[in-house]
Amino acid sequence: MIAGLIRWSINNRFLVLLATGFVVAWGIYSVKQTPVDALPDLSDVQVIIKTSFPGQAPQVVEDQVTYPLTTAMLSVPKAVTVRGYSFFGDSYVYIIFEDGTDLYWARSRVLEYLSQVAGQLPDSAKPALGPDATGVGWVYEYALVDRTGKHDLSQLRSLQDWFLKYELQTVHGVAEVATIGGMVRQYQVVVDPDKLRAFGMTLAMVKMAIQSGNQEAGGSVVEMGEAEYMVRATGYLDSLSDLADVPLGVNANGTPVLLSDIAELRIGPQMRRGIAELNGEGEVVGAVVIMRWGENASKTIAAVKERLAELQRSLPDGVEIVATYDRSSLIDRAVETLQGKLIEEFLVVALVCAVFLFHLRSSAIVILSLPVGILAAFIVMNMQGLNANIMSLGGIAIAIGA
217 MIAGLIRWSI NNRFLVLLAT GFVVAWGIYS VKQTPVDALP DLSDVQVIIK
267 TSFPGQAPQV VEDQVTYPLT TAMLSVPKAV TVRGYSFFGD SYVYIIFEDG
317 TDLYWARSRV LEYLSQVAGQ LPDSAKPALG PDATGVGWVY EYALVDRTGK
367 HDLSQLRSLQ DWFLKYELQT VHGVAEVATI GGMVRQYQVV VDPDKLRAFG
417 MTLAMVKMAI QSGNQEAGGS VVEMGEAEYM VRATGYLDSL SDLADVPLGV
467 NANGTPVLLS DIAELRIGPQ MRRGIAELNG EGEVVGAVVI MRWGENASKT
517 IAAVKERLAE LQRSLPDGVE IVATYDRSSL IDRAVETLQG KLIEEFLVVA
567 LVCAVFLFHL RSSAIVILSL PVGILAAFIV MNMQGLNANI MSLGGIAIAI
617 GA
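With the working numbering applied, the sequence shown corresponds to residues 217 to 618, in that order.
Please note: incorrect hints may appear among the correct ones.
[Claimed, not checked] Capping the alpha-carbon separation at 25 Å, the derived lysine-lysine pairs in BS3-like fashion look like this:
#1 248 <-> 521
#2 381 <-> 266
#3 248 <-> 266
#4 248 <-> 515
#5 515 <-> 381
In case anyone wonders, no lab produced these hints; they're calculated from the structure.
When you get a sec, could you build the whole thing from the sequences and use the hints?
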């Protein structure tokens with residue numbers, strides 16, 4: 217068979233050259249399209265359900281949230297393992313699927329089963345799917361630092377949550393931007409129990425009054441002078457004074473009882489369970505950029521860094537974006553090292569072939585087949601969705617050296 221293939225190749229040189237050129241062109245295209253990363257993604261196909269249940273103890277979270285979700289997810293098609301974890305105010309359920317399962321198909325099935333069990337959860341429990349990422353999706357991290365001291369942690373956190381986060385989420389390949397550190401500003405209502413008892417009210421009444429007082433409503437339109445005017449009642453709370461004027465009811469004399477009559481109102485930080493420090497120099501606000509599953513890590517990081525450079529000009533004076541983790545440097549070093557080894561082994565193989573064959577044309581056939589074989593390997597990698605990393609490039613280097 218091999219002898220026949222050799223004879224056919226000799227008799228059809230043009231077709232062989234044409235096929236070789238096609239493989240080379242396709243291989244170069246595949247090299248450009250193949251995602252580049254430092255580490256291979258060996259993560260399981262998994263979907264995470266995160267449920268916030270504020271203020272509840274782990275046992276309560278386990279009984280009312282984690283257990284119902286875990287039992288419901290056991291029947292998801294192709295799910296092999298379901299794990300549930302309960303923490304203070306949070307529940308995490310991990311659904312691990314069979315190898316080869318499409319991630320987005322798995323997410324859609326989890327959503328289907330989640331909709332069936334959502335009605336059994338407490339009203340304040342809000343389940344949501346985690347990002348469409350894997351265990352190696354953590355590709356970039358940065359910190360917001362104020363060198364001048366003009367901005368406190370709550371202001372830096374607001375810049376991150378309401379400006380930088382949304383801008384970075386528009387970058388191609390970014391699945392999530394998770395904020396860490398800082399302080400979240402909130403309106404705090406500290407109710408005086410004695411005053412509450414004196415006015416004959418309950419905490420439930422106070423909560424309901426605040427919720428109903430922070431709404432807007434539409435009243436259709438009114439026709440006046442052959443024109444229509446939209447009717448709208450504005451009621452959103454945007455300051456402490458607005459919150460203080462929320463009516464709770466009336467007393468025995470018919471005088472309105474306001475929220476400020478029974479509670480102390482202030483702006484303060486939300487309770488937090490951790491901090492973020494930079495080089496031991498003090499607290500900062502940071503963020504982690506999570507890459508979407510199947511994306512090119514090198515291109516995603518480059519796009520994130522480019523967008524951050526643009527956003528730096530929009531930040532207040534003295535506020536800087538400091539990179540604390542950048543996988544692109546690891547990717548570049550790994551690829552450069554392996555590329556150098558590939559070139560060295562290619563030259564060694566070429567020298568050995570030239571010395572032992574001692575025939576230029578015979579040596580050229582062996583030498584030219586090496587890059588064609590490498591390009592063919594990239595074609596297969598691209599078709600199978602594999603990325604170029606230390607293991608895949610190292611395997612190619614070993615194959616050449618062999």
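Quiz item: What are the numbers of the hints that this structure violates, sorted from low to high?
Solution: Hint 3 contradicted; others consistent.
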